[in-house]
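The listed protein sequences derive, respectively, from chains A and Y.
272 is the number of the first residue of the first sequence in the working numbering; add one for each residue after it.
68 is the number of the first residue of the second sequence in the working numbering; add one for each residue after it.
A couple of the hints might just be wrong.
[As the list claims (entries may be wrong)] Lysine to aspartate or glutamate pairs mimicking EDC-like chemistry, simulated, CA-CA at most 16 angstroms apart:
hint, chain 1, residue 1, chain 2, residue 2
1, Y, K109, A, E524
2, A, K639, A, D564
3, Y, K209, A, E524
4, Y, K206, A, D564
Worth flagging that the hints you see were computed from the coordinates, not collected in a lab.
Predicted model only: the values in this text are computed from it and were never measured.
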Amino acid sequence: MVKKILMSILMMLVVFSVFAGGGKEASQTKDTKKAETAMETVTLDFWSWRTEDVDVYNDLIAQFREKNPGIDVNFTAYKNTEYNTVLSAALSGESGPDIIHLKAYGGLETYAQPGYLMPLDDKIPALKNFDPNAVRGATSISDGKIYGVPFASQTLVIFYNKALYKELGLSVPETWAQFLANLDVMKKAGITPLANGGKDGWTLEVLQGVICPNFYGANDYFTELTSGKAKFTDDRYRTSLEKLLELRPYMPENFMGIAYTDMQMLFINEMAGHFIGGSWEAGYFSAQNPDLDYDVFAGPVAKAGDTRYASAFLDGSFGMNADTENPEEATAFLNFLASTQAGQFLADSLKQKSDVPGVKFTDPYLKKLGELNVNSTPYITLVGFRYEQPTGSALIQSTLQGFLADSIDSTEVVRQVQEGVATWYKPFQ
Amino acid sequence: MKKTKNQSLWILFFVLPGLLIVTVFIVAPLFMSMFNSLFSWKSIVRDQFVGLENFNKIMTQYPYRDRFFNAIGNNVEWFLSTMFIQNSLGILFGYLLYKKIAGAAFYQRVFFIPVLFSIVAVGFLWSLYMNPNMGIINKLLKDLGLQSFTRAWLGDEALATPSIIAVNIWRWVGFPTLVFYAGFNSVPLEVVEASYLDGVGEIRLFTGIMIPLILPSIMIITVLTLIGSLNVFEQIYTMAGLEGGPYFSTDTLGTLFYRTAFGGVDSGIPEIGIGSAIGVVIYLMTFLASAVSILSFKGKEVEL
């Protein structure tokens with residue numbers, strides 16, 4: 272009998288200690304929160320998906336604290352792929368952070384539409400000076416209000432190996448014909464001209480974003496398309512996609528099996544001469560191979576003298592929780608993030624093209640991106656059509672896979688994209 | 068033996084933690100997604116009650132309709148190929164082990180090892196093997212002078228699903244092997260000896276006596292294969308990506324559900340109502356398929 276009682280006590284202890292673990296932790300954080308309010312410093316919670324930039328943000332927060340001694344900011348980064356889920360759960364459970372690192376366009380819309388975000392139009396005066404194309408990514412399409420301070424833009428470009436260009440006596444191409452000629456020279460020299468493959472659909476969306484704008488008429492077509500005057504089935508867009516087929520002979524063998532990481536590897540190890548991708552690659556390229564001598568140019572134009580456009584889009588922005596208990600302190604911090612000081616610091620330390628007005632790019636690569644952005648056009652499927660399911664991006668990614676593998680033709684690609692987007696995009700209905 | 072009150076309490080005490088976990092993490096979410104599938108959604112907030120509209124959408128509205136039926140087709144392909152190839156191999160290997168072929172003890176362990184590997188690791192490893200440029204498979208083919216047989220294994224619409232299924236079979240074949248091996252061993256020795264004395268040949272013994280006697284094992288494996296094929300997700304996610312590429316050729320209900328409900332990797336736009344509806348359909352299909360297969364095997368067991 273005694274043995275039985277002892278056993279049951281032991282069991283109870285085991286079971287309860289399992290459950291007690293969670294409870295203890297929760298009460299502890301509550302206690303620390305209480306202690307902080309007693310000291311009268313306000314701590315803002317700041318959530319992000321940029322796990323790789325934690326140190327940079329902590330440095331930035333230290334700069335902010337110097338000027339605002341009463342406010343502390345606690346930066347927490349979640350894994351990129353889990354960030355949306357964590358944030359959604361927290362916001363719908365009313366336990367979200369004060370400052371939210373927001374993704375752009377549809378990513379912002381997810382939180383703006385149900386009213387989780389605070390409109391910033393009146394709170395951040397500096398927003399008026401931002402480039403309208405950047406602000407667009409932080410603006411809700413449902414009410415036209417701005418919900419975030421834009422932090423960085425990306426440009427879609429063609430990376431090329433400068434050393435190889437020199438060795439083969441090539442020069443940066445202006446027209447499509449010159450570009451194809453360069454690729455041809457490389458192929459004959461025994462080097463894979465393009466690193467691009469098709470296993471990861473999103474890299475094909477990028478490919479389209481780099482090459483096609485200069486054939487479909489960049490901003491004019493984009494404006495007509497987003498207003499509903501033109502459709503994806505428009506001949507301008509369809510024929511621009513046909514250009515991608517002309518690149519196939521220069522891609523690696525069995526290119527449909529080449530994934531994103533394979534593409535990076537081919538370019539970094541100088542096994543391929545070009546990498547058609549986004550400006551965000553530069554940091555990784557240089558880190559993996561510091562000796563790699565590369566530069567970028569925008570997608571080539573149809574005929575010499577045409578204006579040369581590069582697709583650009585906003586990477587993300589900083590927003591404020593509509594339910595924050597410290598709106599004044601959060602506003603102060605966002606105003607700091609919108610300042611030239613913060614913009615310059617982030618641009619310098621992260622090598623990302625900042626959208627804050629007045630930021631000077633000293634880095635030659637960022638300078639080049641700035642030049643390419645003089646004639647920029649919205650990254651069509653992301654900027655215009657990544658708001659609801661099925662997104663224009665998801666549609667173009669898979670249809671381009673079918674297209675490059677010859678399973679469907681360009682007419683079918685644009686038909687599927689049009690029909691899919693039209694299920695939710697009002698101007699198409 | 069009659070249970071005393073004291074014993075029932077003890078049983079409850081031990082069952083309770085498990086029951087609690089199942090309720091919180093399995094039953095509750097199931098009802099939650101059934102509930103969610105009846106609403107239209109404003110991004111991540113429940114909007115209006117729409118009844119079965121979401122179910123109607125996945126059956127009739129482009130592009131859900133196309134994706135949905137394409138995914139079901141792939142699930143069926145998974146089931147059929149796993150069922151016939153993996154389980155036939157399982158029976159064959161199981162029987163060979165039972166017959167104590169040379170090195171049986173060694174093979175018994177070796178066949179089961181891949182089952183212990185994590186799916187993610189297996190998927191990653193095999194996608195490296197299948198890489199068209201650096202992968203060992205294409206490299207071997209080239210070294211053997213079979214250049215024309217090299218392929219983009221995971222990038223080719225016609226080959227992607229069979230390639231992934233092949234890896235899945237490689238990984239799991241040890242499981243049915245073990246189950247069938249146990250099944251063969253549970254056949255009473257007298258039966259086997261009696262058949263030999265009666266002059267029954269090896270093949271006749273295998274097909275006419277051994278197979279009917281291991282029907283319970285076959286039933287278990289069939290149901291597990293069925294459920295497994297309806298829920299397949301990780302292998303595709305790691306080898307082909309969440310989009311079920313190339314061009315939806317590897318898409319299954321599992322990847323379609325995840326992509327729709329949680330918004331995929333890059334797009335990030337959740338469609339919770341539609342996603343929940345797909346989830347409920349997967350649940351119903353799994354439930355029905357298991358019920359049908361269990362019922363159809365019932366009463367077919369051979370009594371000795």
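Checked hints:
1. Only pairs whose Cα atoms come within 16 angstroms are accepted, and K109(Y) paired with E524(A) is rejected, the gap being roughly 45 angstroms.
2. The hinted pair formed by K639(A) and D564(A) meets the criterion: a straight-line CA distance of about 15 angstroms does not exceed 16 angstroms.
3. Using a Cα cut-off of 16 angstroms, the hinted pair K209(Y) and E524(A) holds, with the two alpha carbons roughly 13 angstroms apart.
4. About 30 angstroms separates the Cα atoms of K206(Y) and D564(A), which puts this hinted pair outside 16 angstroms; it is violated.
Against the hints set out earlier in the document, violations occur for numbers 1 and 4.
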